[in-house]
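A.B. asks: Protein chains in written order, with the working numbering: chain Z, 8 to 466; chain H, 8 to 466.
In case anyone wonders, no lab produced these hints; they're calculated from the structure. Wrong hints could be hidden among the right ones.
[Stated by the list, open to error] Covered by chain H, according to a simulated footprint, are these stretches of chain Z (three or more residues, beta-carbon under 8 angstroms):
| id | stretch |
| --- | --- |
| 1 | 22 to 35 |
| 2 | 192 to 201 |
| 3 | 369 to 383 |
Even for Gly, the Cβ is constructed at its ideal location relative to N, Cα and C.
There are 2 protein chains.
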Amino acid sequence: MTTAPEPAIGELRNLLQERLVTGRGDRQAHAQSESHFRAMPPDAVAYPQTTAEVQKIAEICNRHRCPLVGWGTGTSLEGQALAAHGGITVDFSRMNKVLHLRTEDFRATVQPGVTREQLNRELRATGLFFPVDPGADASLGGMASTRASGTTAVRYGTMRDNVMALEVVLADGRVIRTGSQARKSSAGYDLTALMVGAEGTLGLITELTLRLHGQPEAVSAAVCAFADMQGAVDAVIATIQSGIPMARIEFVDAATVRAVNAASGAGLPEQPHLLVEFHGSPAAVAEQAEGMGEIAAEFGGAGFQWSDREEDRRKLWDMRHKAYYACLALRPGARALVTDICVPISALAEAVCETQADIAASILEGPILGHVGDGNFHSVLLVDPENGAEMAAAQDLAARMAERALRLGGTITGEHGVGMGKLGYMAAEHGPGWAVMGDLKRALDPNGILNPGKLLPGD
Amino acid sequence: MTTAPEPAIGELRNLLQERLVTGRGDRQAHAQSESHFRAMPPDAVAYPQTTAEVQKIAEICNRHRCPLVGWGTGTSLEGQALAAHGGITVDFSRMNKVLHLRTEDFRATVQPGVTREQLNRELRATGLFFPVDPGADASLGGMASTRASGTTAVRYGTMRDNVMALEVVLADGRVIRTGSQARKSSAGYDLTALMVGAEGTLGLITELTLRLHGQPEAVSAAVCAFADMQGAVDAVIATIQSGIPMARIEFVDAATVRAVNAASGAGLPEQPHLLVEFHGSPAAVAEQAEGMGEIAAEFGGAGFQWSDREEDRRKLWDMRHKAYYACLALRPGARALVTDICVPISALAEAVCETQADIAASILEGPILGHVGDGNFHSVLLVDPENGAEMAAAQDLAARMAERALRLGGTITGEHGVGMGKLGYMAAEHGPGWAVMGDLKRALDPNGILNPGKLLPGD
């Protein structure tokens, strides 16, 4: 694709005035990700305030064959928001309003720049909340675009399950509304599901209607150390198969605990741990905690201390959410290549144990943690991106994890998406289905202006 | 589109031998639906036994521009399985094997001709079940293709939520595998969701991996009469908003009760009723039934008699499942135009009451019933398809229901799909999104051989 940013930039400046920025600072701020990718600055950053402006931006860029990349908070991990081919980054931070709450229908309609924490603050008085929680305080438009999930997906589902309707600007400037305010529909192709997880390659999301959930009457959370990883993972499998409805169930290995202890003085024993939370009525939560405790004991768990105090729970999940940064801090100056495989629950122990052995045999440190209730886990491979041997070792470990996931019937990415980082494994996962994704892309974006270089097969 | 069946039929006969049938009986058997559409026979019926055969059928038909229509059990209600442009009907009744049970992962992989009752019979000893229940003993391939749901969707979701992976034969004979055996994935476009509800216009489903659920420890069901429709619907809304997790909650109006009484001697009072079921632990189910009883009493409910005996429950749901046929029997020889709108819960009372008034003011009988926990309800408009005035009155009532659904933020079809019957409302629901569906269709089926005349805008 040929990038022709200059004529587009001229027209965009007429449209957006000072909200079209070409200064080095802004371009550099949008060139970085939280992961290991090199900086890829756009030629300009646009800050639209309305759908009509996004529509005009698309029309202009489509006419000039100029790449368009959506930007929420820049917290994606596979380079999704980087301007791999230059062009215009559309920063949605000024489209950050909660437009409409329909509490009686458990629905909120928001602009794409609203972050999940912002939404939950606005919901606090309603008795409802939005559960999807990838850790970072990401924008909801970005979370939809990468089909994010996180710690609560085991109970409340991923963005796939919680995005009910969208407004989307297509490459040619058409604006479509997908889905409805009803709970279900059979009215034709599921365009909502097609846009969720498309990483901005099929359209730019300008409005989302999200499914809300009732704040649980009671919440109980606890952490439990295990003698070994196999025991911890087997306890998760047994809990799921027993039908105990967990709201969160997270695994951290001994290396992650070491990082967390160093970062926050948590003082946990340096062993594998499970972090668990239950939501429900007080009686149900107590029953579930008891059932989980029995299972943990069977598999070498040291016993849970349950807490229903919000302060304790906040500390627990804050520790979990910051575990990624704590791992990074194990090696000052290092960057992370974060893997993200997801396998059937029955294959989880095999997948985790093989991965840990692989990392132990490598030259790298790589703590393992994850949303094991979904069969999804990560290794945070610590690398110096300038060190060729380290990058090669990390890429090799990641490739072996991807192969392992596919061999076990799973997927190369549970929640981080494809971006640029997983392109190399898409053919292996999808076979001819990957070309079908390319067919769909060309049908909606024949000029290839939307987030080129991500998710799809090259020409 | 020009249909050229003869050369295709010649090649198909070489491929399938006696499993390619052109006799009048078979063609007529595949020309009928359970709804009001006129007979539309295909030119031939193919009975493939393997994916490889379906693949060759697609290649042959694509080469000869010959229409291809999938057929499961023929129970769809909007003419989805009728050969509107002639061509070949692919009857999947000989691809009816449960291929693989992964009980530890709550997964079953089946061929498309397996029916939901067949699958549940095979699951009986496992402690698991497949919950989606549209009433008819439909094929799972057909249920996926129409994004079916039914009485249990309020708790377990629709086919959208319970189809995890597919094998699909595309128009040009390519075979793709979508999804994985893992619980979630962010690996590119959600091709599974795109195929579910596509009504065979994007591909023919040759294998499905379905999500299974644990058989509930305890089940309790009951029926409750209400003084008026508004009270019954308001009781549903209050129950949902209180967070009581219903497994089923169904509404039938007085006319439906009259039909059911006449058909089965149920002897229920001829008033609006709610039919409710809870799944869970014995304690949870008892607690939920108590909460529901309190709410019903507030809204003029006559009191529930709860039963946890399987025989009583079977009788109750059998009565509900046969309500459609009982309504048809109100007027011997009549056919039904069945409407299917779905609205936000907050608008449900308004939608149902307006609809009932509309029908009362018309020349037609039209019992109302539905899955009100989803905001989804049907009127069974009884017509003589040969009577122009009656058909016009039915179409007018249906059009007014569709407009009402859209005005209230809902959808023209909650679970029956588009087929031919809802084509006229698609532009109003989707605006330019309908043309986008057409773009996607042309990308995957440029010759338009897959189920022409359904779901999509005309050329």
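A.B. asks: It remains to establish, for every hint, whether it holds in the given structure.
C.D. replies: The hints, checked one at a time:
no.	hint	in the structure
1	22 to 35	violated (count 0)
2	192 to 201	holds (count 9)
3	369 to 383	holds (count 3)
Violated hint: 1 only; the structure is consistent with all others.
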